[in-house]
Amino acid sequence: MTNTLHRFSEHYAFEPKPNPAPVEDDFIVFAMATRGVNDDGLVDKYRTFARLALAHNPVNVGDATKGGIYRPQPALNPLAHWKRDDRPDPERLIEDIEGHTVVAAVFSRWEDMEAFVEDVVQADLGLSVNISAPIDAAARCCKASGLTRHSLEYSLGFQGRVERLPDRAVLEISTMCGHGMVSHTFVKKMVDWVKEGRRTPAQAARYMARFCVCGVFNTVRAEKLFEQARTRGA
Amino acid sequence: MRIDEYKCVACGNCIPVCPVGAIYIDPAIGRARVNQAECVECHACYRGMSKEHLFPPMVRGIRRVAKGLRFRFDPEPDICPTDALTPQALTWPRIVRRAFSDPQVPHESTGIHGRGTAEVKTNDVTGRVKEGEAGFVIEFGRPGLGAWFREIQEMTQALAALGVEFEKKNPVTSLMTDQVRGLIREDILGEKVLSAIVELKTGLEQVPTVLRTIRGVSRRLETVVAVGVSTRCDEQGQDRLRALLEAEGYPAYRGKTNLGLGHATVDVRAAGRRWAGPRPSEASL
Chain A
1 MTNTLHRFSE HYAFEPKPNP APVEDDFIVF AMATRGVNDD GLVDKYRTFA
51 RLALAHNPVN VGDATKGGIY RPQPALNPLA HWKRDDRPDP ERLIEDIEGH
101 TVVAAVFSRW EDMEAFVEDV VQADLGLSVN ISAPIDAAAR CCKASGLTRH
151 SLEYSLGFQG RVERLPDRAV LEISTMCGHG MVSHTFVKKM VDWVKEGRRT
201 PAQAARYMAR FCVCGVFNTV RAEKLFEQAR TRGA
Chain B
235 MRIDEYKCVA CGNCIPVCPV GAIYIDPAIG RARVNQAECV ECHACYRGMS
285 KEHLFPPMVR GIRRVAKGLR FRFDPEPDIC PTDALTPQAL TWPRIVRRAF
335 SDPQVPHEST GIHGRGTAEV KTNDVTGRVK EGEAGFVIEF GRPGLGAWFR
385 EIQEMTQALA ALGVEFEKKN PVTSLMTDQV RGLIREDILG EKVLSAIVEL
435 KTGLEQVPTV LRTIRGVSRR LETVVAVGVS TRCDEQGQDR LRALLEAEGY
485 PAYRGKTNLG LGHATVDVRA AGRRWAGPRP SEASL
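For the record, the sequence lines run as chains A and B. Be aware that the first sequence starts at 1, since it is given in the working numbering, and climbs by one per residue. Be aware that the second sequence starts at 235, since it is given in the working numbering, and climbs by one per residue.
One or more hints might be untrue.
Below, simulated SDA-like cross-link-like pairs (lysine to any residue); rule was C-alpha separation at most 20 Å, straight line [claimed, not checked]:
1. Lys195(A) - Arg306(B)
2. Lys83(A) - Val162(A)
3. Lys17(A) - Pro485(B)
Here's a subset of chain B near chain A, in silico, CB distances under 7 Å, partners left out [what the hints assert, rightly or not]:
4. Phe305
5. Val354
6. Thr457
7. Cys467
8. Gly471
9. Ala481
10. Arg488
If you are wondering where the hints come from, they were derived from the structure by calculation, not from laboratory data. Where a beta carbon is used, it is the ideal one built from N, C-alpha and C, also for glycine.
Please model the complete structure; the sequences and the hints are all you need to start from.
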C-alpha cells in the first residue's frame with residue numbers, strides 16, 4: 001500500500017520546469033504496527049497517536065480500515081441538500097479504531113508536523129512512524145526532533161502512458177487519495193462547479209475527502225488548488 | 235458493482251465518482267448501468283457516496299416535473315438518493331479485481347492483506363531492506379487508469395530476466411506460476427484492476443539497470459506506472475540512493491521517511507514458541 005507516496009506536484013511534471021516551488025502545505029505522519037512484534041495494546045497506541053495529532057491542528061486524520069474524519073453518511077434526509085452537517089468527526093474516528101490498521105495525520109504546516117513528531121517521540125509508542133512529505137522537509141523535522149532517519153522510500157513519479165492522465169490541477173488533487181478513490185472526473189466536475197460559483201473550494205474539498213478511505217486527503221491543500229483553478233484556469 | 239434498475243432514478247451522481255469511468259446512463263432504459271468489462275470492483279461509488287434511501291417512484295416523479303419546468307435543482311454531488319448501487323457476489327477470477335482495487339478488503343484471492351506489503355514503512359522492526367540494498371515498488375494503473383494483468387506480466391517477465399527476486403509476501407508474487415520467468419497465472423491475465431504493485435529487492439548497484447528496464451517496458455504499456463525505491467540509511471541517517479536516482483534523471487523530491495521509532499514490545503521468540511503448534515480451532519479440524 002503506497003497510498004501516500006505518489007502525490008503529484010510540479011516536481012513530477014511530465015515536462016518539468018526549472019525550480020518548481022516547494023510543496024509547503026502537505027505533510028503526513030503515520031503509524032503502523034507489525035503483527036507479533038509491536039502490536040500489544042495496539043488500539044490504545046493508535047488512539048494515543050490520533051489524540052496527540054488532534055492537538056496539533058491536523059487537516060485530516062485517518063484510520064485506513066474505517067476512513068478519515070470526513071466520512072460518507074449512510075442515512076441523510078433530503079434537507080442535506082440545503083443544510084448539510086459536514087463537520088469533521090474526530091471522536092468517532094478514535095472510537096472506531098479497533099485493531100490492525102494504519103493511523104495517519106495530515107498537516108498543512110511544517111511547524112505543526114514537527115511539534116506532533118516531538119510528542120510522538122516522547123510518547124514512545126513503539127510503533128513504526130513515517131513522515132510522507134518532501135524528503136528534505138522530513139529530514140529537517142528529524143534534525144529538529146533529534147532523530148536519525150532509519151529508512152527512506154523515494155517516489156519517482158509516473159511514467160508510461162502519461163498522456164492519458166488529466167491536467168496538472170486535477171492530478172494534484174486526485175492523487176491526494178493514493179488509493180485512487182477520488183476520481184479524476186469528479187475533481188473536474190468540482191473544478192467546474194467552483195468556477196461557476198455553485199460550490200466553494202472548501203465544500204469541493206470536503207466532497208473529495210469523503211471518498212479517501214485512509215483519511216490522508218489534504219483538504220487545505222485541495223482548497224487552495226481549487227481556488228487556483230478558479231482564478232488561474234485549469 | 236451493479237445498479238438496481240428499480241431504485242435508480244438516473245440522477246447521474248454516480249457517473250463522475252467512478253475512478254475508471256465505468257458508469258453511464260443507458261438511454262434504452264433511462265437508468266444508470268455499469269460497464270462490467272471496465273468496472274474494477276473498487277466500491278468507491280458504493281462506499282463513498284452518502285445515501286438518502288428515498289422512495290424511487292416519488293423521486294422519479296419530482297425529477298420529471300422539474301425537467302418539464304426546466305428547473306435546475308442543485309443537489310449534493312456525492313449522494314445516491316435511492317441507494318441503488320448494489321455490490322455483486324464475485325467469483326474467481328473476477329474476485330481478483332476487488333482484491334486489488336478496494337483498499338478496504340483483504341486479498342481473499344491471495345490470502346494477503348493490502349495491495350502490497352509494508353515496504354520500508356516498518357523497516358525499523360522488520361529489517362527487510364538493509365544498508366546497500368534497494369527495495370522497489372512498481373505500481374500499475376494508478377492514478378485512475380487501471381491495469382490489466384497481462385500488462386503487469388510484461389513487466390514481471392522483463393524484470394525476472396534480470397534475475398531479481400520478487401517479494402514473497404506480495405499479492406502479485408503469490409499469483410505467479412513461475413517466478414524465475416515472471417509468469418502470472420493465465421486465468422487472471424484478462425482481469426482489470428485499479429492498481430497492482432510488484433515488489434522486489436536488489437543491491438544498490440543494480441538500481442540503474444532495474445530503472446532502465448522499467449522505463450523501457452513502461453513505454454510499451456497502455457497504462458501508467460509509478461515507481462518507488464527504498465533503502466536503509468547509514469548510522470548518520472544518510473543514504474547513497476538519492477544520488478543514484480538523480481544520476482538516472484529521476485526526481486527524488488518526495489517520499490517516505492521511516493523515523494526509526496518502532497521497537498519490539500513483545501518477546502518475539504517467545505511469541506513464536508507459543509504459537510508454534512496449531513491453534514485450538516485449527517487442531518480440531
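Hints, verified against the model:
no.: 1; hint: Lys195(A) - Arg306(B); verdict: 17 Å, holds
no.: 2; hint: Lys83(A) - Val162(A); verdict: 40 Å, violated
no.: 3; hint: Lys17(A) - Pro485(B); verdict: 12 Å, holds
no.: 4; hint: Phe305; verdict: 14 Å, violated
no.: 5; hint: Val354; verdict: 4 Å, holds
no.: 6; hint: Thr457; verdict: 6 Å, holds
no.: 7; hint: Cys467; verdict: 5 Å, holds
no.: 8; hint: Gly471; verdict: 4 Å, holds
no.: 9; hint: Ala481; verdict: 13 Å, violated
no.: 10; hint: Arg488; verdict: 5 Å, holds
In the structure shown, a violation is registered for the earlier hints numbered 2, 4 and 9, in ascending order.
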